[in-house]
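Take a look at the letters that make up each chain.
Number of protein chains: 2
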Amino acid sequence: MNYCVATYRCHDDKADFHKKAHSIAIGLTVGSWTELPAAKQKEMEKHLGVVLSVDVFEPSGSADGSGRYADIRIAYPDINFSHDIPALLITVFGKLSMDGKIKLIDLHFSPSFLSSFAGPKFGIGGIRELLGVQDRPLLMSIFKSVVGHDLEELGRQFYGQAAGGVDLIKDDEILFENPLTPIEKRVQTCMEAARRAETVTGQKLLYAVNITGPASKLAEQAKKAIAAGANALLFNVLAYGFDTLRELSADPDISVPIAAHPALSGAMYPSPHYGISASVLLGKLMRLCGADLVLFPSPYGSVVMPKEENMAIRHALVTDELAKDYVYLSPGQAGSEAPIALRESFPVPSAGIHPGLVPWIIRDFGVDVVVNAGGGIHGHPLGTAAGGQAFRQAIDAVMGGVTLEDYGRTHPELQAATQLWGAKQ
Amino acid sequence: MNYCVATYRCHDDKADFHKKAHSIAIGLTVGSWTELPAAKQKEMEKHLGVVLSVDVFEPSGSADGSGRYADIRIAYPDINFSHDIPALLITVFGKLSMDGKIKLIDLHFSPSFLSSFAGPKFGIGGIRELLGVQDRPLLMSIFKSVVGHDLEELGRQFYGQAAGGVDLIKDDEILFENPLTPIEKRVQTCMEAARRAETVTGQKLLYAVNITGPASKLAEQAKKAIAAGANALLFNVLAYGFDTLRELSADPDISVPIAAHPALSGAMYPSPHYGISASVLLGKLMRLCGADLVLFPSPYGSVVMPKEENMAIRHALVTDELAKDYVYLSPGQAGSEAPIALRESFPVPSAGIHPGLVPWIIRDFGVDVVVNAGGGIHGHPLGTAAGGQAFRQAIDAVMGGVTLEDYGRTHPELQAATQLWGAKQ
Numbered sequence: 001m002n003y004c005v006a007t008y009r010c011h012d013d014k015a016d017f018h019k020k021a022h023s024i025a026i027g028l029t030v031g032s033w034t035e036l037p038a039a040k041q042k043e044m045e046k047h048l049g050v051v052l053s054v055d056v057f058e059p060s061g062s063a064d065g066s067g068r069y070a071d072i073r074i075a076y077p078d079i080n081f082s083h084d085i086p087a088l089l090i091t092v093f094g095k096l097s098m099d100g101k102i103k104l105i106d107l108h109f110s111p112s113f114l115s116s117f118a119g120p121k122f123g124i125g126g127i128r129e130l131l132g133v134q135d136r137p138l139l140m141s142i143f144k145s146v147v148g149h150d151l152e153e154l155g156r157q158f159y160g161q162a163a164g165g166v167d168l169i170k171d172d173e174i175l176f177e178n179p180l181t182p183i184e185k186r187v188q189t190c191m192e193a194a195r196r197a198e199t200v201t202g203q204k205l206l207y208a209v210n211i212t213g214p215a216s217k218l219a220e221q222a223k224k225a226i227a228a229g230a231n232a233l234l235f236n237v238l239a240y241g242f243d244t245l246r247e248l249s250a251d252p253d254i255s256v257p258i259a260a261h262p263a264l265s266g267a268m269y270p271s272p273h274y275g276i277s278a279s280v281l282l283g284k285l286m287r288l289c290g291a292d293l294v295l296f297p298s299p300y301g302s303v304v305m306p307k308e309e310n311m312a313i314r315h316a317l318v319t320d321e322l323a324k325d326y327v328y329l330s331p332g333q334a335g336s337e338a339p340i341a342l343r344e345s346f347p348v349p350s351a352g353i354h355p356g357l358v359p360w361i362i363r364d365f366g367v368d369v370v371v372n373a374g375g376g377i378h379g380h381p382l383g384t385a386a387g388g389q390a391f392r393q394a395i396d397a398v399m400g401g402v403t404l405e406d407y408g409r410t411h412p413e414l415q416a417a418t419q420l421w422g423a424k425q
Numbered sequence: 001m002n003y004c005v006a007t008y009r010c011h012d013d014k015a016d017f018h019k020k021a022h023s024i025a026i027g028l029t030v031g032s033w034t035e036l037p038a039a040k041q042k043e044m045e046k047h048l049g050v051v052l053s054v055d056v057f058e059p060s061g062s063a064d065g066s067g068r069y070a071d072i073r074i075a076y077p078d079i080n081f082s083h084d085i086p087a088l089l090i091t092v093f094g095k096l097s098m099d100g101k102i103k104l105i106d107l108h109f110s111p112s113f114l115s116s117f118a119g120p121k122f123g124i125g126g127i128r129e130l131l132g133v134q135d136r137p138l139l140m141s142i143f144k145s146v147v148g149h150d151l152e153e154l155g156r157q158f159y160g161q162a163a164g165g166v167d168l169i170k171d172d173e174i175l176f177e178n179p180l181t182p183i184e185k186r187v188q189t190c191m192e193a194a195r196r197a198e199t200v201t202g203q204k205l206l207y208a209v210n211i212t213g214p215a216s217k218l219a220e221q222a223k224k225a226i227a228a229g230a231n232a233l234l235f236n237v238l239a240y241g242f243d244t245l246r247e248l249s250a251d252p253d254i255s256v257p258i259a260a261h262p263a264l265s266g267a268m269y270p271s272p273h274y275g276i277s278a279s280v281l282l283g284k285l286m287r288l289c290g291a292d293l294v295l296f297p298s299p300y301g302s303v304v305m306p307k308e309e310n311m312a313i314r315h316a317l318v319t320d321e322l323a324k325d326y327v328y329l330s331p332g333q334a335g336s337e338a339p340i341a342l343r344e345s346f347p348v349p350s351a352g353i354h355p356g357l358v359p360w361i362i363r364d365f366g367v368d369v370v371v372n373a374g375g376g377i378h379g380h381p382l383g384t385a386a387g388g389q390a391f392r393q394a395i396d397a398v399m400g401g402v403t404l405e406d407y408g409r410t411h412p413e414l415q416a417a418t419q420l421w422g423a424k425q
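If you're matching them up, the sequences are chains A and B in order.
Here the first sequence is numbered in UniProt numbering, starting from 1 and rising by one per residue.
Here the second sequence is numbered in UniProt numbering, starting from 1 and rising by one per residue.
I should point out that these hints are in silico values taken from the structure, not numbers from a laboratory.
Mixed in with the good hints there might be a few duds.
Pairs count within a copy or across copies, as identical chains cannot be separated in the list.
To be verified - Dumping the calculated DSSO-like pairs for lysine-lysine here, alpha-carbon to alpha-carbon at most 30 Å:
#  : residue 1 : residue 2
1  : K19       : K144
2  : K224      : K424
3  : K42       : K185
4  : K424      : K14
5  : K307      : K101
6  : K42       : K144
7  : K40       : K144
8  : K46       : K217
9  : K223      : K424
10 : K217      : K121
11 : K307      : K217
12 : K424      : K217
13 : K101      : K14
14 : K223      : K42
15 : K204      : K144
16 : K46       : K144
17 : K42       : K307
18 : K14       : K144
19 : K144      : K101
20 : K46       : K185
21 : K42       : K217
22 : K307      : K19
23 : K40       : K185
Okay, chain A solo, but in the shape it has when bound (with noise of 0.2 Å):
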């Protein structure tokens, strides 16, 4: 027998939470239980949802109840569902997110639903191995600006993001087909900026091109987009799915890392009461469906996610503990299965990022992360290639154990940096 399990944080003044959760384990799978003859529950036994735990929080000091809550795993057997996120998601969480306060919080698969995912193509080795560093964290710019430019503007804007030796530069996830710049002249564009700049900085350059349009072309559209020279491909996920997700990262002919971007995530994970964990989103199917690149919130800057959160999805997307609870369904299987090992995906903390801010990245996530930054490259006081470089010498310098403070002594741009912004050690 094989189970996926949920994990719901379901928050009620007064509700008896056991009787809840038998109710959603019989509810979202067999239907019934209790009336059916012994004969049937025998047969349909292995349909059943268990409950595994109900864990619950009565707060102290609040007289009507209120901030009440339990944490309640159930785990429902693979046969039920095709080994697929959307049939995963309709029978955890498709009825169940409309009744009442009860948020999806975490997901653990099984061996065989993981086996049908084949998780990122690159991943972050395969990532290090197109740029040819292994050593540090990479760093990853964004557009100033995009709507309404032309062509040569977005030239020009790569060309000074590239000079100050940043290793990938993502498109805007607003940047739609548009006359002024079409998917092929822009990746053409900015790809021959890319070489320009290389001359200089000696270093290869990742371009993420934003794959947009209507959802069955967007296979097509990434292929015309590579076979204009795009290294890399940025997605909205949340506005297609994550199916389609795994569909373009597992089609063979589109041969380059995939970056997620979490537009529209925001709609889901930030309440306590209602939705779906952010390291589950953000996290967890992220990484199943292929994602190489994920970007999320920081929690340091503008647009700010609690840091347990960044951790946690840090966790998902790095580990390789995504069928951890399956061996408390069925400890006799556990040695038999193969161990799961998908790629895993680089994480990239995202917004309000400025050098000084680099030490605590790498405390937090280690050099497996990836800097990404916008206003922090192109606010920099001595323009944007600086911006850039002022990035990568924080990095050198915490990598080399030394303080920003000591080496911005002898780099300029990193001292006019953490003058602007600050530093933190």
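Let chain A serve as the given structure and place chain B on it in line with the hints.
Frame of chain A; chain B shown alone:
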């Protein structure tokens, strides 16, 4: 100039909401404004977002500002995004969804944006024509339980529902491709049961079969079902994205009505602080993208949505006001545009419905509504067929201006139902 208008509700104890509104209007369009030279501003003005209104609500009697919010309306130039739902949502709420307590509570579309959408292929009128029923609400039923059952059992459940005189039967949304009831055999079995029932009831019936599986194979799956005899489809829209619904609906070979299931929508609409309102998700976007029927939690039953939200969904599904705010922006052009005439989508308030609620449903929704029942049909004391008959009798009573109590005196199925579940008048 054409604009689409987004309305946000933004909660903050002390923010300067006017400043925030302008920062959104600039940040999600041209990126920066005040630092641009005047000539560049002139060139970029057609891409600039416009703040239409900021209505601040200060709570009375709150010393710390808690409960303070503003409704902010911002117009986004159509020229900035391709005319599809992913592009519109990513523009107006992609990054913004992650930026504090902000909820997308409404969307208005320019006529030029709307003109890219065909809306429902059948709609209320088309479905009535297929069924030959013009003058009363329709009756839909759902299976009692599906997971783990074989074709024989599904056929038996189907016949029981059909024999009671229901107009539509829908698959359970958690029924995926499986060895016991694969889609083609399921369609054949159920349509055969429908034909047998028709000889008894003398009426037509639509069976909405659940279209599931890999994103790029959904259209193929739909055509396979239609080739096997399916005369309607059920689709879990939120799991695959709105553009996939639009493509299925626009496909000339998919020649049957599509019922949109709200599975997973509860991850987005219920919070007052985050997400996207139900009237946008389950109203405007469903209709635009071609849902002929839209299910949503009723305000009457077990999985409850507030009545005003139900009424807002209904309004979005059946009125001609999708482009309403456009005249505000461009009064000069309003008269020159053809009126927008998308077909209407059938509202299907669902969950916890019994025959005694029919007077309320018709009072709230009028005659153009689908009464959708599960337990209220299968749990009828005289059996499943009697359950369907009781609903049809309740509908006949209300349409004839007779109370359920009076009508029940000569209709034992209705009487048994209202005795068990009660009746609203």
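Hints and how they fare:
Taking the shortest Cα distances, K19 and K144 sit within 30 Å of each other only across copies (21 Å), while inside one copy they are farther apart (53 Å). Taking CA atoms no more than 30 Å apart as the test, K224 paired with K424 passes in neither setting, with 43 Å inside one copy and 60 Å between copies. Taking the shortest alpha-carbon separations for K42 and K185, only the inter-copy value of 25 Å comes in at or below 30 Å, while the best intra-copy value is 63 Å. Taking the shortest Cα distances, K424 and K14 sit within 30 Å of each other only across copies (28 Å), while inside one copy they are farther apart (45 Å).
In this homomeric assembly, K307 and K101 come within 30 Å of each other (Cα to Cα) both inside a single copy, at 24 Å, and across copies, at 18 Å. Taking CA atoms no more than 30 Å apart as the test, K42 paired with K144 passes between copies only; the shortest distance there is 19 Å, against 63 Å inside one copy. Taking identical chains as interchangeable, the C-alpha atoms of K40 and K144 lie at most 30 Å apart only when they sit on different chains, with a minimum of 15 Å there against 63 Å within one chain. Proximity of K46 and K217 under a CA criterion of 30 Å is satisfied inter-copy only: 29 Å between copies versus 40 Å inside one chain copy.
Taking CA atoms no more than 30 Å apart as the test, K223 paired with K424 passes in neither setting, with 42 Å inside one copy and 59 Å between copies. In this assembly of identical chains, the alpha carbons of K217 and K121 lie at most 30 Å apart whether taken from the same copy (21 Å) or from different copies (22 Å). In this homomeric assembly, K307 and K217 never come within 30 Å of each other (Cα to Cα): the closest approach is 37 Å inside a single copy and 39 Å across copies. Neither within a single protomer nor between protomers do K424 and K217 lie at most 30 Å apart by alpha-carbon distance, with minima of 45 Å and 50 Å respectively.
Proximity of K101 and K14 under a CA criterion of 30 Å is satisfied in both settings, with 12 Å inside one chain copy and 27 Å between copies. When the C-alpha separation of K223 and K42 is checked against a cutoff of 30 Å, the pair qualifies neither within a copy, at 51 Å, nor between copies, at 37 Å. For the identical chains of this complex, K204 and K144 are intra-copy neighbours only, at 21 Å inside a copy versus 59 Å across copies, given an alpha-carbon limit of 30 Å. Only between protomers do K46 and K144 lie at most 30 Å apart by alpha-carbon distance; the minimum there is 18 Å, versus 55 Å within a single protomer.
Within a single copy, K42 and K307 get their C-alpha atoms no closer than 46 Å, and across copies no closer than 42 Å, so neither meets the 30 Å cut-off. Proximity of K14 and K144 under a CA criterion of 30 Å is satisfied inter-copy only: 29 Å between copies versus 51 Å inside one chain copy. Proximity of K144 to K101 under the C-alpha cut-off of 30 Å is restricted to the inter-copy arrangement: shortest distance 25 Å between copies versus 40 Å within a copy. Taking the shortest alpha-carbon separations for K46 and K185, only the inter-copy value of 23 Å comes in at or below 30 Å, while the best intra-copy value is 55 Å.
In the homo-oligomer, the alpha carbons of K42 and K217 never lie at most 30 Å apart, since the shortest distance is 47 Å inside one protomer and 35 Å across protomers. Proximity of K307 to K19 under the C-alpha cut-off of 30 Å is restricted to the inter-copy arrangement: shortest distance 28 Å between copies versus 34 Å within a copy. In this assembly of identical chains, the alpha carbons of K40 and K185 lie at most 30 Å apart only when taken from different copies (23 Å versus 63 Å within one copy).
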